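Participant: Chain residues, written in single-letter form:
Number of protein chains: 2
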Amino acid sequence: MGTSSLCSDHVRGRQVDFQAYLDEKRKLIDKALDEYLPQESEPPEIIHRAMRSALFPGGKRLRPILALAAVEIVGSDSQKVLPTACALELIHTYSLVHDDLPALDNDDERRGRPSCHKAFGEDIAILAGDALLTLAFDLLSRNGEMEGVKKEATLVIIGEIARAIGTRGMIGGQVDDLKSATESTKHVEKKAFKLEEVTQQQIESIHRRKTARLIEVCLKAGAILGGGSQREIEALSGYGQSIGLAFQIVDDILDAQGGEKREVTYPALFGLEKSKQKLAQLIKEAKSQLFIFGEKGKILEEVADFIMNRGI
Amino acid sequence: MGTSSLCSDHVRGRQVDFQAYLDEKRKLIDKALDEYLPQESEPPEIIHRAMRSALFPGGKRLRPILALAAVEIVGSDSQKVLPTACALELIHTYSLVHDDLPALDNDDERRGRPSCHKAFGEDIAILAGDALLTLAFDLLSRNGEMEGVKKEATLVIIGEIARAIGTRGMIGGQVDDLKSATESTKHVEKKAFKLEEVTQQQIESIHRRKTARLIEVCLKAGAILGGGSQREIEALSGYGQSIGLAFQIVDDILDAQGGEKREVTYPALFGLEKSKQKLAQLIKEAKSQLFIFGEKGKILEEVADFIMNRGI
Numbered sequence: 013m014g015t016s017s018l019c020s021d022h023v024r025g026r027q028v029d030f031q032a033y034l035d036e037k038r039k040l041i042d043k044a045l046d047e048y049l050p051q052e053s054e055p056p057e058i059i060h061r062a063m064r065s066a067l068f069p070g071g072k073r074l075r076p077i078l079a080l081a082a083v084e085i086v087g088s089d090s091q092k093v094l095p096t097a098c099a100l101e102l103i104h105t106y107s108l109v110h111d112d113l114p115a116l117d118n119d120d121e122r123r124g125r126p127s128c129h130k131a132f133g134e135d136i137a138i139l140a141g142d143a144l145l146t147l148a149f150d151l152l153s154r155n156g157e158m159e160g161v162k163k164e165a166t167l168v169i170i171g172e173i174a175r176a177i178g179t180r181g182m183i184g185g186q187v188d189d190l191k192s193a194t195e196s197t198k199h200v201e202k203k204a205f206k207l208e209e210v211t212q213q214q215i216e217s218i219h220r221r222k223t224a225r226l227i228e229v230c231l232k233a234g235a236i237l238g239g240g241s242q243r244e245i246e247a248l249s250g251y252g253q254s255i256g257l258a259f260q261i262v263d264d265i266l267d268a269q270g271g272e273k274r275e276v277t278y279p280a281l282f283g284l285e286k287s288k289q290k291l292a293q294l295i296k297e298a299k300s301q302l303f304i305f306g307e308k309g310k311i312l313e314e315v316a317d318f319i320m321n322r323g324i
Numbered sequence: 013m014g015t016s017s018l019c020s021d022h023v024r025g026r027q028v029d030f031q032a033y034l035d036e037k038r039k040l041i042d043k044a045l046d047e048y049l050p051q052e053s054e055p056p057e058i059i060h061r062a063m064r065s066a067l068f069p070g071g072k073r074l075r076p077i078l079a080l081a082a083v084e085i086v087g088s089d090s091q092k093v094l095p096t097a098c099a100l101e102l103i104h105t106y107s108l109v110h111d112d113l114p115a116l117d118n119d120d121e122r123r124g125r126p127s128c129h130k131a132f133g134e135d136i137a138i139l140a141g142d143a144l145l146t147l148a149f150d151l152l153s154r155n156g157e158m159e160g161v162k163k164e165a166t167l168v169i170i171g172e173i174a175r176a177i178g179t180r181g182m183i184g185g186q187v188d189d190l191k192s193a194t195e196s197t198k199h200v201e202k203k204a205f206k207l208e209e210v211t212q213q214q215i216e217s218i219h220r221r222k223t224a225r226l227i228e229v230c231l232k233a234g235a236i237l238g239g240g241s242q243r244e245i246e247a248l249s250g251y252g253q254s255i256g257l258a259f260q261i262v263d264d265i266l267d268a269q270g271g272e273k274r275e276v277t278y279p280a281l282f283g284l285e286k287s288k289q290k291l292a293q294l295i296k297e298a299k300s301q302l303f304i305f306g307e308k309g310k311i312l313e314e315v316a317d318f319i320m321n322r323g324i
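Chain order of the listed sequences is A and B. Residues 13 to 324, numbered by the numbering used here, are exactly what the first sequence covers, in order. Residues 13 to 324, numbered by the numbering used here, are exactly what the second sequence covers, in order.
Hints are computed from structural coordinates only; laboratory data are not their basis. Remember, predicted model here, so these are calculated numbers, not experimental data. All C-beta atoms in this analysis are idealised placements derived from N, C-alpha and C, irrespective of residue type, glycine included. You may find that some hints are simply not true.
[Stated by the list, open to error] Estimated spans, in silico, between C-beta atoms of each pair:
| id | chain 1 | residue 1 | chain 2 | residue 2 | range |
| --- | --- | --- | --- | --- | --- |
| 1 | A | Glu159 | B | Gln213 | 53 to 59 angstroms |
| 2 | B | Glu57 | A | Asp89 | 43 to 49 angstroms |
| 3 | A | Met158 | B | Gln213 | 33 to 39 angstroms |
Next comes chain A alone, as it looks inside the complex (with noise of 0.2 angstroms):
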């Protein structure tokens, strides 16, 4: 069988090409997800409608690949938290679907195609994401039920989710991130951050919390239902936090060589090089804490690269 150095190794045993390990997941995932969510015959349709038109065909599947793959590296059967991984893309959808509203960022598109309150209108667009982040916590309970699951440990991840993606996590960093865009000072309550008033502490803040935090608790969450060690669980939360950041800086990176002016990034901050240089230290601190895995860790390894990689 021919190797490329890139994109092939052994894991477990098992030749694994890593283009063929990321659709195998995302194929997996895809078919969770539509066996979770109500048809769109159901009514009432139009909310089930929204819902799948978010979700599917959908993008890349990071999230829950990575919770899949979490659980792969710690030892464990990643079948088994497949709702789990269902969820984390459900809350990723949901806060795409709500972000997009025009009280929010007002973006007609998504992923080439009408956003969702574009096709569905505003009201439904709302009740959609509402319903998507729900139908996330039904998941996460449900998954507790599951064979070679652990209840307590299912709670736990629960909690860890929810707090990754409330006021202290996720929503705070988009509050955050709305007072600092130069478009929201219509409302009297909120001060705009002027850009030299930025440090690079505030806006490493916004995107740990914004971006990172999710990402980091699908690893947790994979690391705490596969049955990871102590050990285990910190090096790949720690992972985590560094492909979180770095996710978002390649795409603050993307954004500025389209043309896009968004203020608050590294590149309006720093520029492109110092931002590539920034990026590059932090695949190197999130491939670093793999170590511990020795060759099993060589997926997550190869995610790090497909991160910094794409499109720049």
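Model the placement of chain B on the given structure of chain A, informed by the hints.
Facilitator: Frame of chain A, contents of chain B only:
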């Protein structure tokens, strides 16, 4: 000691005045909510101020009181389910904040004060609603860590609550209510119901999902977390279904008497007299479920009367 036939009785050896019972529980709940909510001074301040402003001073706290009462009726200590009771109030509040949004009911006022989006802007109101819902699930999971609370039961409750407020419950009812409102024909994909097409079955289905499911699950959660028997859980759930529907009919009657002309309501379809008969019937059904609890059921009997009599 003087006794009045309506307002006081012996429950488990204590002299309980119903209004005092409500006041005592309300205070407990308000104190716990204040503890669980991040302070207004915690960044990002605006979201925490918005969440607190939606929660305080608040309404009757009926939902959490029902949860606490259910725990007590099955013979357990209600203190240990305070986080769950508060979570149910957070969920109720999130639904009000999102319902009031311009894209939904477009209400500028809530309980005589500016609604959340009027006070804080639409963007913050959307995120504050999301944050209240998210914090609810954090509290639910944390309740499982308290002494005397079973983790398995907590996990069951999380699923029950998520399903009660999802598209097969509360959100589904909201969507059908949107569809049925004459004003919401603005979107081409939504067909407005004609009043004559709305049967009693349809209206009950909307009310049951939009209002009654959450009230029912408050009682169910209390019964399960309190360690009630299957028979007790079913009796309390049945009671919850009946008072939940009764609660919505009272709302509709009060609206009709106040001159509001909402179309898909009991009074609009059947007139005031028939609506009041239906209400009395539901209250009777609710009370009949309490038979198995004997004297301990007295508080919930009074709650049923309280719901029937408020303002009518």
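Participant: Go through the numbered hints given earlier and state which of them the structure violates, listing their numbers in rising order.
Facilitator: 1
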